[in-house]
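Chain G: place on chain S using the hints.
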Amino acid sequence: MSWETVIGLEVHVQLNTRTKAFCACPNRFGDPPNTNVCPVCLGLPGALPVLNDRAVDMALMAAIALECEVQDTSIFARKNYFYPDLPKGYQISQFDRPLALGGRVPIEVDGERRQVALVRIHLEEDAGKSLHAEGDRGDTRIDLNRCGTPLIEIVSEPDLRRPEEAGAYLESLRRIVQYLGVSDGDMSQGSLRCDANVSVRRLGETVLGTKTEVKNLNSIKAVERAIGVESARQAALLEAGGKVVQTTLLWDDKSATVRPMRSKEDAHDYRYFPEPDLLPLVLDHARKKRVRAEIPELPFARRDRFAAQYGIPAYDAGVLTASKDMADWFERFATDAGDGKTASNWAMGEVLRTLKEKAWTIAEFPVSIDGLVELLKMVQAGTISGSAAKTVFARMVDTGRAAPELVEEEGLAQISDSSEVVAIVDEVIAGHPEQVASFRNGKEQILGFLVGQVMKASRGKANPQLAKEILHDRLKSGHPA
Amino acid sequence: MRPVGELAGALARGEIGSLELVEDSLARIRELDPKLHVFLHVDEAGAREAADRSDARRARGETLGPLDGIPYALKDNIVARGLPSTCASRILEGFVSPYDATLVTRLRDAGAVLVGKVNLDEFAMGSSNEHSAFGLTRNPHETSHVPGGSSGGSCAAVASGMVPLAFGSETGGSVRLPASFCGVVGLKPSYGRVSRYGLVAFGSSLDQIGPVARTVQGVADALSIVAGLDPRDATTATAPVPRYETGDDSLLGKRVGVIRELLGEGVDPEVGECVRRAANECEKLGARLVDVSLPHAKYGVAVYYVVSSAEASSNLARFDGARYGYRAPGVRDLEELYTESRSQGFGDEVKRRIMIGTFALSSGYYDAYYGRAMHARALIRDDFARAFEAADVLLSPVSPTPSFRIGDRMEDPLAMYLTDAMTIPANLAGVPALSLPAGATSSGLPIGVQLQAPYLREDVLLEVAGSLEGALGWGPLPALVAEGAA
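Taken in sequence, the protein lines are chains S and G.
All residue numbers for the first sequence refer to my numbering, where the first residue is 1 and numbers rise by one.
All residue numbers for the second sequence refer to my numbering, where the first residue is 1 and numbers rise by one.
It should be emphasised that the hints constitute simulated quantities derived from the structure, not laboratory data.
Misleading hints may appear alongside valid ones.
20 Å max Cα-Cα, derived EDC-like pairs, lysine to aspartate or glutamate [what the hints assert, rightly or not]: (1) S:Lys129 with G:Asp333; (2) G:Lys351 with G:Glu340; (3) S:Lys79 with G:Asp33; (4) G:Lys284 with G:Asp268.
Computed Cβ-Cβ distance ranges for the label pairs, DEER-style [stated by the list, open to error]: (5) G:Pro295 with S:Thr140: 40 to 48 Å; (6) S:Pro32 with G:Val331: 41 to 49 Å; (7) S:Gly190 with G:Tyr365: 29 to 37 Å.
From the three backbone atoms N, C-alpha and C, an ideal C-beta is built for every residue, glycine too.
Chain S with its partners taken away, still in its complex shape (with noise of 0.2 Å):
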């Protein structure tokens, strides 16, 4: 019996504004514990929210790239629940009233792509962080740095049916919120997280199964993991004849295994209501308009067009759009270099590499584009051999001088006089005569590791073609003797 897997996920993405959603705080990872706090975030008696204009413009330019149907009033609501790092009592979010309805999510997978239907975008504030110290009577600590950080939810529609479209879908939503400078989507740090609505159904059923909801998916690998094991488990479950029963789930990286939550922790009714504190979000055409402008080319558009402008293989232009940095820095480059093919030779080859060696992000690699254009221009001025420009490129990395310098003081200039050449030809004819005799013989292609040796011989600096020339008439004439 064959089984289709049916997942919708629903996606926080913690929005990068300066202040909070409600207060001015400021809005950053990593500080010590409960230092980004004023009475507001803390929920003080008597402390009321005001609503962050650029929170609601960040989320306003993902709802319009996605596509959505952005509403002109959205009402926010109070979710209400009980938890310690939680200090209202209630989470401020969004309800029946959403932002925006709809939208689409631009997915690739095999080379195929298709749109991702949504459901809603809304935006909501981010809960504290509880720190559960490890072992069974280890007490629990509440970090409330993180209370208040915009989020916006991004629910997709139950249209994913493979673990790898789900990957392929979160890491096009970190794309495009990371162009769009909205967030920087990194699931290690929680900026994007992800909770996945999972069931199975037989192959060319329409009703919908039972589903079961799975949380603590801390990375993309992990959403695709789980959605497989749980797939399986809810296949299984029914081919034995069990039902599966509605549940949230929770994710356990190690043992690749997913675990009941408590049912106290599932069992809540959130009572919503219209928060009285914020009056009902109006969004007038001319602000859309404005946010609209604001929005940059996004990542499967600049893709097909890096592809079709540079000349360039579908994966390199993958690879070179993965994020906007890397992107913004390749345009230029390409621009600059005037030559689309080499500028991405040498990105995809010794810049992507020295990045990857040195965990370096492009924003942090020390040679300017002006730097690599003038590298490049001396290899087509057949001033210095590849080879060359590759040795003085990672001197330029670790010494962050210019090129003509360090080819200078290293005197790796190329050799294109044909008298010096034909001298080292002559010294390497000399110096080996049995591959001289074999090449005489018919077996021509020795040349190639005379060549190298004239390479060699001049440290790299011969123009190699010319080298190769001299060799092969020097050696067809005869000459020297």
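This is chain G only, laid out in the frame that chain S set:
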């Protein structure tokens, strides 16, 4: 203690200093508080310092305005930095606010001198001040009677001359009722006219801070300073704040609407007589009396208890023993921390409201209760809109009866709730309303009449109230104050 306006004049002329006023205030508190139990916290040192600064300003020929040097008291559900804010609840016992309410900041900037924090029904839930966890406040006119609530402390403080000015808060009549019972002027501004930042929330869509003074001018002067847009409260009105003036003893051209439904059955004869007398005085001052109707006002109490309790159930969730205030000792886990701290920390009336509100918002009941209440609220708002097409202000009793004896309504929550039937509609509609002293019972208990005006028309309300005050005279002085003063 003389009214705010007179004291301001005396201060301006140098006849008296702020420090003298503060010492008078402290002496009166020492003398009368044992009998009345008005103050929960007196800030003697802070008050003297602020008075000194005010006197120093005057000595330099500077002033911050009509409230500079005037002592005032604050209902203990409004926070002031460094002072306790208990809301008359055990659950906030020991809580000291690290920040100032916007109201407090504005009053400080105007030179007013905070003397201390006064009693209320726990979390402002009650109509008699009997629901204070720290003991009830007594009516200065008759100590066996309630001062009304929930701002009973604020009104008793002014009536007994402990301070010339106090601030209370309303969710459903909580300034006007005690003002009527204590014979002082109490104003409930339009919703959004005064910042709620620093007012501990009860029913957020209804809550509003209001001033209490012996005269209309006192509340007008106070309102001129504390009203206005606050960037910390998104629900404050953006309309500019005029300098509020009292009337010139003429109501020529004014239409005074007498609310038909609020003068019939169930209104104490002496209360009815006061309203009729006030109506006559309005006519004598040149106003035209018109008959108006608020047909949906009868649903006010029901709507109010659903809406305010629903919001309260959410607003009071933060008092959980986890971060500040009372924490039950000896709890073993989180569940117990919550249930024990809240069970022990809240009084019965507060628990009753939390349960009503939690129920009203529960899944499956929301539409039947909260949803319908919000619908009925809109109908009441429409009633007012229609009434204000026919009238400039509305006249009615504040409450069907004068102050009642302590204990009389404690066993019957519904009777207590109905005490507020005539004031609640203004809170639901968000319009400004005021209680003005209008006479007394044969036994000397004060009776107030209620004036209401259209949204943000405090100017009209205070103008009419000021003119009528001239005809009706100020509220009576309590005997124990008159004796003390003699």
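A quick look at each hint next to the structure:
At most 20 Å may separate the alpha-carbon atoms for a hinted pair to count; S:Lys129 and G:Asp333 meet this at roughly 18 Å. A threshold of 20 Å between alpha carbons decides the hint, and for G:Lys351 with G:Glu340 the separation of about 13 Å falls inside it, so the pair holds. For a cut-off of 20 Å, the pair hint linking S:Lys79 to G:Asp33 is broken: about 43 Å separates their Cα positions. At roughly 25 Å between alpha-carbon atoms, G:Lys284 and G:Asp268 are farther apart than 20 Å, so this suggested pair is violated.
Between G:Pro295 and S:Thr140 the C-beta distance comes to about 55 Å, which lies outside the given range of 40 to 48 Å. The given range of 41 to 49 Å is broken by S:Pro32 and G:Val331, whose C-beta atoms sit roughly 28 Å from each other. A hinted range of 29 to 37 Å for the beta carbons of S:Gly190 and G:Tyr365 is consistent with their spacing of about 36 Å.
This entry does not satisfy hints 3, 4, 5, 6, going by the numbered hints stated previously.
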